[in-house]
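Asks: Protein chains in written order, with this note's numbering: chain A, 130 to 287; chain B, 4 to 522; chain C, 355 to 685.
By construction, these hints were calculated from the structure, which means they are not laboratory data. Be a bit skeptical, because a hint or two may be false.
16 Å max Cα-Cα, derived EDC-like pairs, lysine to aspartate or glutamate [claimed, not checked]: (1) Lys676/C <-> Glu142/A; (2) Lys643/C <-> Glu238/A; (3) Lys466/C <-> Glu181/B; (4) Lys229/A <-> Glu585/C; (5) Lys171/B <-> Asp384/C; (6) Lys233/A <-> Glu585/C; (7) Lys170/B <-> Asp384/C; (8) Lys675/C <-> Glu74/B; (9) Lys206/B <-> Glu585/C; (10) Lys643/C <-> Glu216/A; (11) Lys610/C <-> Glu181/B; (12) Lys233/A <-> Asp653/C; (13) Lys233/A <-> Asp384/C.
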Amino acid sequence: MTDEKKNPKGTAENWEPRIVCFFCNWCTYLAADLAGTSRIKYAPNTRVIRVMCSGRIDPQFVFEAFAKGADGVFIGGCHPGDCHYQEGNYKALRRFHLLKRVLKGMGIEEDRFRLEWISASEADHLKTAVNDMVAKVRALGPLNLEIPAKISAGEVSA
Amino acid sequence: MSDNKNKAVQETLAKGAAKADAAYMSRRITIDPITRLEGHGKIDIFLNDAGDVDRAYFQVPELRGFEKFAEGRLAEDMPQITSRICGVCPTAHHMAGTKALDDLYKVEPTGPAKKIREMIYNVFMVEDHAIHFYFLGGPDFVVGPTAPAAERNILGVIGKVGVDTGKKVIAMRRRLREVITTVGGKIVHPVFGLPGGVARRIKPEEQKHFQEVAQEAVEFGKFTMKILEDVVLKNKEYVDLIVSDAFTHKTYYMGLMDENNHPNFYDGQIRVVTPEGKEYAKFPTQKYLDHIAEHVEPWSYVKFCYLKNVGWNGFKDGPDSGVFCVAPLARLNAADGMATPLANEMYQKYFDALGGKPVHHTLANHWARVIELVCAAEKFQQLANDPELTSDNIRRLPTETPKEGVGVVEAPRGTLIHHYKTDERGVITMANLIVATQNNSARTAMSVEKAAKGLISKGIVSDGILNEVEMAFRAYDPCHGCATHSLPGSMPLAVRIRDLEGNTTSTLRRDSDGSIHKE
Amino acid sequence: MTTNEKPKVGFYWCASCGGCEEAVVDLAEDILGVVGAVDIIFWPVALDFKTKDVEAMADGSILACFINGAVRNSEQEEMVHLLRRKSKLVIAFGACSHLGGIPGLANLWDKKSIFQLVFHDGPSTVNPQGTEPQPKLEDQGRHVTLPEFFDTVRALDQVIDVDYYMPGCAPTPKLTLQALQTLLSGNLPPKGTVLSPDVALCKECPRIDTKPEDLTITEFKRPHQVLIDEEKCLLAQGIPCMGPATRGGCEALCIKGNMPCSGCFGPPGRIRDYGGKILSALASIVGSKEDAEIVKIMDSIPDPIGTFYRYSLPVSMLRRKKMEVVASDKK
Numbered sequence: 130m131t132d133e134k135k136n137p138k139g140t141a142e143n144w145e146p147r148i149v150c151f152f153c154n155w156c157t158y159l160a161a162d163l164a165g166t167s168r169i170k171y172a173p174n175t176r177v178i179r180v181m182c183s184g185r186i187d188p189q190f191v192f193e194a195f196a197k198g199a200d201g202v203f204i205g206g207c208h209p210g211d212c213h214y215q216e217g218n219y220k221a222l223r224r225f226h227l228l229k230r231v232l233k234g235m236g237i238e239e240d241r242f243r244l245e246w247i248s249a250s251e252a253d254h255l256k257t258a259v260n261d262m263v264a265k266v267r268a269l270g271p272l273n274l275e276i277p278a279k280i281s282a283g284e285v286s287a
Numbered sequence: 004m005s006d007n008k009n010k011a012v013q014e015t016l017a018k019g020a021a022k023a024d025a026a027y028m029s030r031r032i033t034i035d036p037i038t039r040l041e042g043h044g045k046i047d048i049f050l051n052d053a054g055d056v057d058r059a060y061f062q063v064p065e066l067r068g069f070e071k072f073a074e075g076r077l078a079e080d081m082p083q084i085t086s087r088i089c090g091v092c093p094t095a096h097h098m099a100g101t102k103a104l105d106d107l108y109k110v111e112p113t114g115p116a117k118k119i120r121e122m123i124y125n126v127f128m129v130e131d132h133a134i135h136f137y138f139l140g141g142p143d144f145v146v147g148p149t150a151p152a153a154e155r156n157i158l159g160v161i162g163k164v165g166v167d168t169g170k171k172v173i174a175m176r177r178r179l180r181e182v183i184t185t186v187g188g189k190i191v192h193p194v195f196g197l198p199g200g201v202a203r204r205i206k207p208e209e210q211k212h213f214q215e216v217a218q219e220a221v222e223f224g225k226f227t228m229k230i231l232e233d234v235v236l237k238n239k240e241y242v243d244l245i246v247s248d249a250f251t252h253k254t255y256y257m258g259l260m261d262e263n264n265h266p267n268f269y270d271g272q273i274r275v276v277t278p279e280g281k282e283y284a285k286f287p288t289q290k291y292l293d294h295i296a297e298h299v300e301p302w303s304y305v306k307f308c309y310l311k312n313v314g315w316n317g318f319k320d321g322p323d324s325g326v327f328c329v330a331p332l333a334r335l336n337a338a339d340g341m342a343t344p345l346a347n348e349m350y351q352k353y354f355d356a357l358g359g360k361p362v363h364h365t366l367a368n369h370w371a372r373v374i375e376l377v378c379a380a381e382k383f384q385q386l387a388n389d390p391e392l393t394s395d396n397i398r399r400l401p402t403e404t405p406k407e408g409v410g411v412v413e414a415p416r417g418t419l420i421h422h423y424k425t426d427e428r429g430v431i432t433m434a435n436l437i438v439a440t441q442n443n444s445a446r447t448a449m450s451v452e453k454a455a456k457g458l459i460s461k462g463i464v465s466d467g468i469l470n471e472v473e474m475a476f477r478a479y480d481p482c483h484g485c486a487t488h489s490l491p492g493s494m495p496l497a498v499r500i501r502d503l504e505g506n507t508t509s510t511l512r513r514d515s516d517g518s519i520h521k522e
Numbered sequence: 355m356t357t358n359e360k361p362k363v364g365f366y367w368c369a370s371c372g373g374c375e376e377a378v379v380d381l382a383e384d385i386l387g388v389v390g391a392v393d394i395i396f397w398p399v400a401l402d403f404k405t406k407d408v409e410a411m412a413d414g415s416i417l418a419c420f421i422n423g424a425v426r427n428s429e430q431e432e433m434v435h436l437l438r439r440k441s442k443l444v445i446a447f448g449a450c451s452h453l454g455g456i457p458g459l460a461n462l463w464d465k466k467s468i469f470q471l472v473f474h475d476g477p478s479t480v481n482p483q484g485t486e487p488q489p490k491l492e493d494q495g496r497h498v499t500l501p502e503f504f505d506t507v508r509a510l511d512q513v514i515d516v517d518y519y520m521p522g523c524a525p526t527p528k529l530t531l532q533a534l535q536t537l538l539s540g541n542l543p544p545k546g547t548v549l550s551p552d553v554a555l556c557k558e559c560p561r562i563d564t565k566p567e568d569l570t571i572t573e574f575k576r577p578h579q580v581l582i583d584e585e586k587c588l589l590a591q592g593i594p595c596m597g598p599a600t601r602g603g604c605e606a607l608c609i610k611g612n613m614p615c616s617g618c619f620g621p622p623g624r625i626r627d628y629g630g631k632i633l634s635a636l637a638s639i640v641g642s643k644e645d646a647e648i649v650k651i652m653d654s655i656p657d658p659i660g661t662f663y664r665y666s667l668p669v670s671m672l673r674r675k676k677m678e679v680v681a682s683d684k685k
């Protein structure tokens, strides 16, 4: 997309970061839709998963994303006070902070995990945040967790 | 082919074969695994051309890395984490860790908490020593080292001393373990340890029960000593074996002593005596690094402790070798007496019988162990009768910023050292653990090699050596002492004789019924 | 000595502390009933274990093999593969084989860093020649071997197929006896069953009645920082207790010892990553909506991995810490 795309030394030239995004239905997902209809371009490295609320996000989802090959995970939810379910995003915020520490302890750099409050109208904000994250993850290089493709049976069942 | 040419060919072949044989400098006997104690261990014995033992390696094939993965953990979690080093003596690690926390936070446990801890610890010593005597090392003695293999186990012990004794031992073990469960939550990996105290009060009705069990324990201790006297000490053959040279090493001896130089399993200063029995050093536990160092060999994962200031001079005896010894034999040698009356009487008798202090006979560990069992039982009784045991005042909250702490106890198998460094939040930055058995690892290796050398010659392997080589390390009761259980028979054992290529040339097998077969 | 009627049973230990062997022995008098009904054909701790003998047995001729301990070296890996072939059923006994156990915390490091500390940098270690244990050594013509130490600790089912799991560190005698009786009865539960009730510990905790409906934490307290009330729910006292995400069956022994649950039974069913679940539960009850305040509260759990994954790091979804360079691992 741009010429700043330069992968770190030792990484394949055509490697592209893969960011798994969990967007809440009422805010961030709509912002992504708005970006689409407004033809606002942003990095194509996202894999979006729609959840009803950022509070739905179980840390196990985040682990699974990394274990299955994601180089970064991005959570998008409603601004504090605006949650469609009142308190869900606060739960997400608290989990995010604790989860971040565990990921760090497991050798996953802080820049690979991000939480943003993006309301339905903030398509630009989404673009900036995603582009910023992709650039940061690109600089870090692929995560390449050495976990076999077959994670043992019993993955998270909602 | 003409006859001459044929002969020449044969000669050449014969010469070649002789050369090859000569090149096979040694043959190898492997005992794998060793039994009736440690789960993981093997002995590799190499023979020279004459069939005598050239070298024997006592190998510990396991390592888990507790000292490394302790980094980043919370200090107050260490007593529970380190107890997983050993599921037979978790209480020892738990206690050493708890005391390290006291030192880390510079907080003195309350009086009642100290008594509760010391009581629990002595209960544990009784229980653990009893298991070793009846199920692990004891059978070698009670039944005899050259008794048929089928009898050299708890069933043989029972056969010798009666079914009632067996039931008594199992019941006593259970009741002692229940005491620890009451105070510590669990018996395998208890949870009572906190800096400055213990987690839980003792209720009056619980104390009453402890007093009953304590009385049983003292009786049980006396009873065990009687068995030892009747079955072992009155038997000249066994006594000859105990004092034989094959099982003797003259090393330094170490133990935790109180201010009267009586062994105190829970607390004290570390005292070391020379092979002649003179005091060599007595120092507070915090200074252990000035005295104890660890040596590495490429053929074992366990490290070998030695006295730093004497130096590592190889696997040797004597005052010029830093090799030292811990556990019952060592503790009694390093002491001037026992802290409790019955045990002290037994202590005097022991040294009188074995020719004064210090006693260098490794197998005497079994006798010393029973004396300690009695001492621990008496101590248990003292503390169980203490009115402060049920006090509410069991915690003193730490106020100091943590930095560094050392906690030392006498585990059943020897001096156990936990050393932690933390940051200001109490997160571990360094952990150094000197586990009891390590202090004995050099001497154990020496004992095994000496026994092998003394017992194997001309490549002849027999049932005697199978057991007697094992007895050499069994006396030390290495940590991870094996579980007690009823055995269907003896320990079948195989000795494989291999050539240098690793091909089995012959196997000697001792089956569960004790019969020996050569294959 | 073996009879044809009695089913054959075996015990083996990998990277273990021996506590699970003690747990079996703690059956005390009850074990006699079991022992009478089976033929213990090997138990390295007590009976001489001969690889050759086990190899000579027909595949599947051992009814059940109870394996405890995590797998962290080459000898353990070979043994468990062998035992799997020879056994109809394999039971992962205890937290180490079930989840990886406390030795699994070594997955935050690798062989190089562990050896560096243990054999070189430790304060009491004196090793000027830089000696390290060698898998193969030639010492003056003598060939001596040791098992190879792996970078990564694995739970049993990450190495072989496992039929049942007996949780706990160590499993309780009560559950162990029940498990043995179930297996001998012939009424086998579905494969993969964890042999303990599928409920959270809170349900059987003696302090459940004191757990408030609305539980909010403004600061987590570490056990040594506060006097612990002997009757009240530990979480309600601010002390991190793993009860909400931990499988019951242990009868809350640690709570009876007035200390919090540390999670040794692992998760109840339907939870894939134990640490993720408990961290989610505890984070949810933190009573703050402000970023900075939340950060401060989380600071009161200074070691999240040791707290949430103490027993289950190897089976977690991330399995191990990503090191800068992890040496080649025999997976």
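Asks: Now look at each hint and say whether the structure bears it out.
Replies: Now for the hints, and whether the structure bears them out:
For a cut-off of 16 Å, the pair hint linking Lys676/C to Glu142/A is broken: about 23 Å separates their Cα positions. For the given pair, Lys643/C sits about 25 Å from Glu238/A by alpha-carbon distance, which is inconsistent with the 16 Å threshold. At roughly 42 Å between alpha-carbon atoms, Lys466/C and Glu181/B are farther apart than 16 Å, so this suggested pair is violated. Pair hint Lys229/A plus Glu585/C does not hold up; C-alpha atoms about 34 Å apart against a cutoff of 16 Å.
With a C-alpha separation of about 15 Å, the suggested pair Lys171/B and Asp384/C falls inside the 16 Å cut-off, and the hint holds. Taken as a hint, the Lys233/A and Glu585/C pair is broken in the structure, with Cα atoms around 36 Å apart against an allowance of 16 Å. About 12 Å separates the Cα atoms of Lys170/B and Asp384/C, which keeps this hinted pair within 16 Å; it holds. Using a Cα cut-off of 16 Å, the hinted pair Lys675/C and Glu74/B holds, with the two alpha carbons roughly 14 Å apart.
The hinted pair formed by Lys206/B and Glu585/C meets the criterion: a straight-line CA distance of about 14 Å does not exceed 16 Å. This hinted pair checks out: Lys643/C and Glu216/A have alpha carbons roughly 9 Å apart, not beyond 16 Å. Distance hint between Lys610/C and Glu181/B is fulfilled; the C-alpha atoms sit about 13 Å from each other, no more than 16 Å. With a C-alpha separation of about 14 Å, the suggested pairing of Lys233/A with Asp653/C holds against the 16 Å cut-off.
Only pairs whose Cα atoms come within 16 Å are accepted, and Lys233/A paired with Asp384/C is rejected, the gap being roughly 48 Å.
Consistency with the previously given hints fails for numbers 1, 2, 3, 4, 6 and 13, ordered from lowest to highest.
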